[in-house]
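Chain by chain, the residues run as shown.
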Amino acid sequence: MKKTPERIEMLAAEYVLGSLHGLARKRFERWMMESAKAREEVWFWEQKLGSLSADVPAVTPPSSVWDSIENRLWQKGSQKAAPTGKAQARANHRWFWPSWSAVATAAAVVMAFVLIQPSSEVPQTQLSGAIVQTDTSDPLWLVSETGQGNLLKLRSVAASAADTGKDYELWIVPENGQPLSLGVIPAGGLHEVILTDKTRQALSQSRTLAISLEPLGGSPTGEPTGPILHVAQLYEL
Amino acid sequence: MSHSDTNQDDLMRLLVAVSREDHDAFHQLYQSVSSKMFGMCLKLAGQRDLAEDALQEAFIQIWHRAREYHTDRGMPLGWMMSIARYRTLDMMRARKVRRSGSEEDLEHIEDGREGPLDESLRSAGEARLTGCLDELNDAQRDSILLSYYKGLTHDELAHVLNSPLGTVKSWVRRGLITLKRCLER
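Line by line, the protein sequences are chains W and U.
Just so we're aligned, residue 1 is where the first sequence starts under the UniProt record's numbering, counting upward by one.
Just so we're aligned, residue 1 is where the second sequence starts under the UniProt record's numbering, counting upward by one.
Honestly, the hints are just simulated from the structure, not real lab data.
Cβ atoms here follow ideal geometry from the backbone N, Cα and C, with glycine treated the same way.
A couple of the hints might just be wrong.
The following label-pair restraints were derived from C-beta to C-beta distances [said to hold, decoys possible]:
#1 U/H23 x W/V184: 33 to 41 Å
#2 U/D9 x W/K26: 34 to 42 Å
#3 U/D10 x W/E70: 19 to 27 Å
DSBU-like mimics (lysine-lysine), calculated; alpha carbons at most 30 Å apart, straight line [to be verified]:
#4 W/K37 x U/K169
#5 W/K26 x U/K180
#6 U/K96 x W/K26
To list a few chain U residues with every Cβ distance to chain W over 12 Å, as calculated [said to hold, decoys possible]:
#7 L11
#8 M12
#9 R13
#10 L15
#11 S34
#12 M37
#13 G39
#14 H70
#15 D90
#16 D134
#17 A139
#18 N162
#19 P164
If we strip away everything but chain W, and leave its shape as in the complex, we get (with noise of 0.2 Å):
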């Protein structure tokens, strides 16, 4: 179907106010991760109309709620909430912090583009997102899980070319310990990785990629060597 101006402009309208459903509705989330212009468009639509509940009287929901959400958010994992996991879980990410924040400083900040969840009926769980950065309206890459979970698939969009000499290479950056790579990815066309299950269960727990600049043929020590250029956090489909 041809993204025209007006067709943006119009599924926007029918899909913040909710009459767009079923594929269409799916569809659409897909351009939105793709198109800066249908996100915008979104925006307006999601302040416009979020104005209509205003008024909408408010309601105490029962306490039940927050015990439920307070149990699914920290009390899942034992280890992983207990302060011990985290301060450990937090040494272990000190290898990365430093070089995000210089990348940070370089003014290529990166953000992932979050991709909204349709229904949450089938039981096993997709990762899906995208790699982007603020200057570029279009994502660099957009990331996603299929088959049986073992399968990452990444689509260029708007990434370019690593400079003369230079590979982009992926990594899962897990919630302890040392990133794992996932091989060089070339900048366009589509690729896929294969996971085995140490870095599937990897990414599943940490949900965070990144991209560093590394020497032709990856890095030669098995750790990041170069800059971290993109960070991106992935979400359930």
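We have chain W already, so just place chain U on it with the hints.
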């Protein structure tokens, strides 16, 4: 106005803290906005259990996505309300909540301007949208408001308004176009 600005500042401060995984700030945020959000979910879904589940899902998302909030997306409260609204719509569709032409829906239509429109838009800040809604004809306005407040799909609208699907779709689309042109002026 200044009161609402202060409130948004507070919410912004809480959201920033939540993005840094501050549990206490998250609880405060929940206490500040959950009633408002729950009222909206309940009105939309018309079912308490679904509204409770949607509210829960919305806050899980807010926890994970707080760092992605930015002011282009609107005020913090509006951003959170949108998340809650989408979760409610998704759940309604997933659980196939059918909004039949119940008396309540029809009452709103018969009430016309005294129905969902004026009741919800009484506050001064919304004057612009109210003005623009007045530019729509009754059928367009009712279609849009029923979709918004009740989460009706085109099919359900056609049923409730007892009109052909194509006609209802065109009311919604033409209404939205008119509304947009007016809001952009």
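Against the structure, the hints come out as follows:
1. U/H23 x W/V184: 33 to 41 Å: holds (39 Å)
2. U/D9 x W/K26: 34 to 42 Å: holds (36 Å)
3. U/D10 x W/E70: 19 to 27 Å: Since the Cβ atoms of U/D10 and W/E70 sit about 22 Å apart, the hinted range of 19 to 27 Å holds.
4. W/K37 x U/K169: Roughly 24 Å separates the two Cα atoms, so the pair holds.
5. W/K26 x U/K180: holds (23 Å)
6. U/K96 x W/K26: holds (17 Å)
7. L11: Given that every Cβ of chain W is farther than 12 Å from that of U/L11, nearest at about 14 Å, it holds.
8. M12: holds (16 Å)
9. R13: holds (20 Å)
10. L15: holds (14 Å)
11. S34: violated (5 Å)
12. M37: violated (8 Å)
13. G39: violated (4 Å)
14. H70: violated (8 Å)
15. D90: violated (5 Å)
16. D134: U/D134 clear of chain W: closest Cβ-Cβ about 14 Å, beyond 12 Å.
17. A139: holds (14 Å)
18. N162: The claim stands: U/N162 keeps its Cβ more than 12 Å from every Cβ of chain W (closest is about 17 Å).
19. P164: holds (16 Å)
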